[in-house]
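> What follows is the residue order along each chain.
There are 2 protein chains.
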Amino acid sequence: MSLRKHVSLNINIRGTGQSPTLAINERVKLLQSQGQKVYNFGLGQSPFPVPGPVVEALRLHAHEKDYLPVKGLPALREAVAGFHKMKDNVEASPDGVMVGPGSKELMFLLQLIFYGEIIVPTPCWVSYVPQAQILGKRVSLLHTCFADKWHITAEHLAELLEGEQDLYRPRVLVLNYPGNPDGLTYTAQELHDIARVAREYEIILLSDEIYGQIHHKGGHVSVARYYPEGTIISSGLSKWCGAGGWRLGTFTFPETLDWLLEAMASVASETYTSVSAPIQYAAVEAFRGGIAIERYLWHARRILSSLGQECYEILSDAGVRIHAPEGAFYLFPDFSPFSEKLARRGICSSATLCERLLKETGVALLPGSVFERPKGELTARLSYINFNGAQALAAGETIALHQELPEEFILANCEDTVAGLERLVEWLQKD
Amino acid sequence: MSLRKHVSLNINIRGTGQSPTLAINERVKLLQSQGQKVYNFGLGQSPFPVPGPVVEALRLHAHEKDYLPVKGLPALREAVAGFHKMKDNVEASPDGVMVGPGSKELMFLLQLIFYGEIIVPTPCWVSYVPQAQILGKRVSLLHTCFADKWHITAEHLAELLEGEQDLYRPRVLVLNYPGNPDGLTYTAQELHDIARVAREYEIILLSDEIYGQIHHKGGHVSVARYYPEGTIISSGLSKWCGAGGWRLGTFTFPETLDWLLEAMASVASETYTSVSAPIQYAAVEAFRGGIAIERYLWHARRILSSLGQECYEILSDAGVRIHAPEGAFYLFPDFSPFSEKLARRGICSSATLCERLLKETGVALLPGSVFERPKGELTARLSYINFNGAQALAAGETIALHQELPEEFILANCEDTVAGLERLVEWLQKD
Numbered sequence: 000m001s002l003r004k005h006v007s008l009n010i011n012i013r014g015t016g017q018s019p020t021l022a023i024n025e026r027v028k029l030l031q032s033q034g035q036k037v038y039n040f041g042l043g044q045s046p047f048p049v050p051g052p053v054v055e056a057l058r059l060h061a062h063e064k065d066y067l068p069v070k071g072l073p074a075l076r077e078a079v080a081g082f083h084k085m086k087d088n089v090e091a092s093p094d095g096v097m098v099g100p101g102s103k104e105l106m107f108l109l110q111l112i113f114y115g116e117i118i119v120p121t122p123c124w125v126s127y128v129p130q131a132q133i134l135g136k137r138v139s140l141l142h143t144c145f146a147d148k149w150h151i152t153a154e155h156l157a158e159l160l161e162g163e164q165d166l167y168r169p170r171v172l173v174l175n176y177p178g179n180p181d182g183l184t185y186t187a188q189e190l191h192d193i194a195r196v197a198r199e200y201e202i203i204l205l206s207d208e209i210y211g212q213i214h215h216k217g218g219h220v221s222v223a224r225y226y227p228e229g230t231i232i233s234s235g236l237s238k239w240c241g242a243g244g245w246r247l248g249t250f251t252f253p254e255t256l257d258w259l260l261e262a263m264a265s266v267a268s269e270t271y272t273s274v275s276a277p278i279q280y281a282a283v284e285a286f287r288g289g290i291a292i293e294r295y296l297w298h299a300r301r302i303l304s305s306l307g308q309e310c311y312e313i314l315s316d317a318g319v320r321i322h323a324p325e326g327a328f329y330l331f332p333d334f335s336p337f338s339e340k341l342a343r344r345g346i347c348s349s350a351t352l353c354e355r356l357l358k359e360t361g362v363a364l365l366p367g368s369v370f371e372r373p374k375g376e377l378t379a380r381l382s383y384i385n386f387n388g389a390q391a392l393a394a395g396e397t398i399a400l401h402q403e404l405p406e407e408f409i410l411a412n413c414e415d416t417v418a419g420l421e422r423l424v425e426w427l428q429k430d
Numbered sequence: 000m001s002l003r004k005h006v007s008l009n010i011n012i013r014g015t016g017q018s019p020t021l022a023i024n025e026r027v028k029l030l031q032s033q034g035q036k037v038y039n040f041g042l043g044q045s046p047f048p049v050p051g052p053v054v055e056a057l058r059l060h061a062h063e064k065d066y067l068p069v070k071g072l073p074a075l076r077e078a079v080a081g082f083h084k085m086k087d088n089v090e091a092s093p094d095g096v097m098v099g100p101g102s103k104e105l106m107f108l109l110q111l112i113f114y115g116e117i118i119v120p121t122p123c124w125v126s127y128v129p130q131a132q133i134l135g136k137r138v139s140l141l142h143t144c145f146a147d148k149w150h151i152t153a154e155h156l157a158e159l160l161e162g163e164q165d166l167y168r169p170r171v172l173v174l175n176y177p178g179n180p181d182g183l184t185y186t187a188q189e190l191h192d193i194a195r196v197a198r199e200y201e202i203i204l205l206s207d208e209i210y211g212q213i214h215h216k217g218g219h220v221s222v223a224r225y226y227p228e229g230t231i232i233s234s235g236l237s238k239w240c241g242a243g244g245w246r247l248g249t250f251t252f253p254e255t256l257d258w259l260l261e262a263m264a265s266v267a268s269e270t271y272t273s274v275s276a277p278i279q280y281a282a283v284e285a286f287r288g289g290i291a292i293e294r295y296l297w298h299a300r301r302i303l304s305s306l307g308q309e310c311y312e313i314l315s316d317a318g319v320r321i322h323a324p325e326g327a328f329y330l331f332p333d334f335s336p337f338s339e340k341l342a343r344r345g346i347c348s349s350a351t352l353c354e355r356l357l358k359e360t361g362v363a364l365l366p367g368s369v370f371e372r373p374k375g376e377l378t379a380r381l382s383y384i385n386f387n388g389a390q391a392l393a394a395g396e397t398i399a400l401h402q403e404l405p406e407e408f409i410l411a412n413c414e415d416t417v418a419g420l421e422r423l424v425e426w427l428q429k430d
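Going line by line, the protein sequences match chains A and B.
Using numbering that gives the first Met the number 0, the first residue of the first sequence is number 0, and each one after it goes up by one.
Using numbering that gives the first Met the number 0, the first residue of the second sequence is number 0, and each one after it goes up by one.
Looking at chain A on its own, in the form it has when it is part of the complex (with noise of 0.2 Å):
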C-alpha cells in the first residue's frame, strides 16, 4: 500500500498542506514549548473571552440533543435576521439565513455549489485560494495597492468588467470589510459605488461582515443597504463575540439568491448535516444582544482602537509605510522603505522576511504572500491580539467610555504587544 499512496490522492489536495494561520499557531507553540520567547501576532483570533451571558446560555442549554434543521435552528435564524437589521439596517428574513460550522464552511459550500467565477481582491483571507485549488476551480485575483488602502475600487472594478468578452457570466465578487488582514474599511459612498456597479453586472457579492461589529468606532455600513438583492451577509460568532473556536458562521441571503441558499443547503445535509445543537442555542443569546454584549462591544472596540493606533504609530514612525486602523485587530504593515537595507541581508520576499523575524526576534507575522500578494512584496499581518482580553476588559471597565484609554492603560495591560513591535522595529533598522 505505502508505494502506491501517492497515487491515490486527489491530485488539487496533494501538497496543499494546512491553512497558514492554523499552521502559524501550532509552530509557534512548539517554539514557545521549546523556551523560546514569541510574540505571537500570527493567529486571528480575538483576545476578549465570551460575553458571560452567552456562555451562561451554552450551559442552559447543554442537554440539547436534537438534530436541528440543516439550514439552523428557527430563533438562531430569527436572531441573526433581527441582527443585521438592527446593526446594519438592512431588510433581512429569518427564511434567508443559513447557519454552518464557521462561515469558512459555509464559503466552500458557495464555492463548490456556484457554477461561475469567483473575484477576490487582494491582500484577501487566506482560504478563499485554496478552497478553490481543493475544488480544482480557479479563483479571479484583483489585485490592490496601498495608495488604494488595499479596497478597490467601483471605476476598478468596471475597468476589469468592461474589458470582460462575457459581460453577464455569472460572477461573485468577494468584499471583506473591516478586512482581514488589513483593518480597513470601506465608506459608504464607496460602498455605494460598488453596489451600483454590482447591479450593472448583476454581480452577487459576497460581502463578508465578520468583522463588522468591531469597526473601531462602531460606524460599520454594509453593502446590502445599496445592493440588498444581490449580496450575500456573512457574519459569525468568531470575532466579535470572541468565539472562534466554538465553530459558527452565518449566511443571510436576499430573496433572489433563494436558489443558491437551496442548494448550500442540499449539499450541507450530505456534509456537516447542522451545527452543533447547544451552541446554536447559545448564539441566539449572542444575536439578539442586549446590554450586557452592548457594553462588553463598546470596551473591546475601545481596547482595540487605542492599541492598533499604538500599534500603528509605532511602525509609522520608525518608516513602516502603513494606514491607521479602522476595524477588527490587524495591520498590514509595507516593509518596502526598508528593502535595500533588507535586501542586503538576503530578504527579498514576505516569506523570507517573517521566517527570519520570527528566527531571529520571537516576532510571528504572516507573509502578504499568504494573503495572495505577489511574493516579491514585502507585506505581513500583524495581529495585535497578545495580550490578555479578559484582563484588558476589567481595566476598561474602570474607565468611563466617554474618555479614551490613556497610553498608560496599554502599557499596562497589552505589555507583550507593544514590547513585540519594538523588538520588531529594532530588528528592521539593523545594517
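Among these hints, one or two may not hold up.
As the list claims (entries may be wrong) - Capping the alpha-carbon separation at 16 Å, the derived lysine to aspartate or glutamate pairs in EDC-like fashion look like this:
no.: 1; chain 1: B; residue 1: K148; chain 2: B; residue 2: E189
no.: 2; chain 1: A; residue 1: K86; chain 2: A; residue 2: E371
no.: 3; chain 1: A; residue 1: K28; chain 2: B; residue 2: E201
no.: 4; chain 1: B; residue 1: K358; chain 2: B; residue 2: E261
no.: 5; chain 1: A; residue 1: K136; chain 2: A; residue 2: D147
no.: 6; chain 1: B; residue 1: K28; chain 2: A; residue 2: D65
Hints are computed from structural coordinates only; laboratory data are not their basis.
Chain A is fixed; fit chain B onto it per the hints.
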C-alpha cells in the same frame, strides 16, 4: 439574475434536495403541526438523553473559546484511541485519530481526497451515494440479499475482485455494523474472512462502527482486529452517546494510512477548521467512559434489545420477511410476501409503499430505495425510537440488570412504538 440562476449551479448539485433522513423529520413535523397523529419511525436518532456526566462536562467547559488543532483536542484524540483499545481490543494511537463535525463530514472528506474506487454494499446508509454525486464521483454498489442477512461475504467480495481488470486499483470498502438500515452485524469469523480478502487485494476498509456500543448484547467486534494496517474505524457521539445534534465524529487511522489522515486534515483546515471546542472537551468525558456511562450503555442496550425483539415479532408474526435485530435501533423489513396484495392497491415500489403508508396511517418509514436498494423491492427502514428515552432509562433502572425486561415494560414505556407497528400490520393485511 432570475433567468440565469439555472445555469449558475454546479451540475452535480442540481436537483439533489435534502438528505432523506433529515427531510422525513421535517415532513413529520409538518404533519404533526397540522394535527395528524404520526408514528415517526423515520429518523435515525437515539431516543436516549446524553449521559449526565457528559452534559456536565459541557457545562464545565462552556467558556472554552480557542480554535483547537485541526485533528482535534489532544486529550480527546487520546481518549478516542483509549476507547478503541479498551472497547474493541485494537491497537489505536492518539496520532491516528481525527475528530470532525460528525462522521458524515469525515466521510465526505475521505471521498473528496481519495483518488480511487469506493465500494459500498447495499442496503447502505443514505449519504454515501449523494456525497459521491456532489463530488462528481461514482460509487460502486455491491447488492447483498435478505438470505445473507444483508451482508457481504468474503466469497462475494473475492468474486467481484477476481473479475476486475485492475486487481490492485486503489479501493475503499465501506462496512457498517451493527448496520444502518438493517440493525444486523457480522460475526467475528465473517469479519476475519473479509479481512483476509481485503488484505490480499490491498483494499482499505472504512469500518463504520458508530453503532458498535449499542450491539444489543454488548458483543461488538471490530474488523480492525483482523486487518489493523488497512482499517479506518469510524465512530462518534451520535448514536451510543445520544448526542446526534452535538455533531462529533471520529476516524481512527493506522499508521500505514497517515497519508490519508494528513490529506484530510489539510482539507479540514480549509473548511470546518476544527470541531466546536466546548463539545470536544465534553466528548473527552464520553470517550474516557466510567461507571456512569457503562451503566447507561447497559440499560440502553437492554431496552433496545427488548423493544427490537418485540417489534420483530409483531412483524414476523404478521408474515413480513425480517431478521431478528442484533444492534442499533433499526429493522429492515421486506414486505415482498404482501407484494400481490400491495400491487392490487397500486403499490409496486418502496417509495410508493412509504408514501401511502404515511398518508393512510401516519406511520413514517424510509423506503429501501433511499438505501440504494432497487426501486421495486418492497423494503423499508423502521427506526424503533419513537419513545421517551429518558423515561424508559429511569424505569429500566428499577429492574436489576441480570433480569430481562418484562413485556409490560415495553407496553408501558414504548406504547407508541407498539401502536405504530400494529397500525402498520393492520394496513398491510387490508385487501
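> Given the proposed pairing of K28(B) with D65(A), does the C-alpha separation stay at or below 16 Å?
Between K28(B) and D65(A) the Cα gap is close to 13 Å, so the pair holds against 16 Å.
> Quickly compare the C-alpha distance for K358(B) and E261(B) to 16 Å and report which way the hint goes.
48 Å, violated
> Does K136(A) pair with D147(A) here, judged by a C-alpha cut-off of 16 Å?
28 Å, violated
> Assess, step by step, whether the Cα of K86(A) is no farther than 16 Å from the Cα of E371(A), and give holds or violated.
31 Å, violated
> Is it true that the CA of K28(A) sits at most 16 Å from the CA of E201(B)?
38 Å, violated
> Straight-line Cα separation of K148(B) and E189(B) no greater than 16 Å?
Holds, at about 12 Å.
Hint check: violations occur at hints 2, 3, 4, 5; the rest are consistent with the structure.
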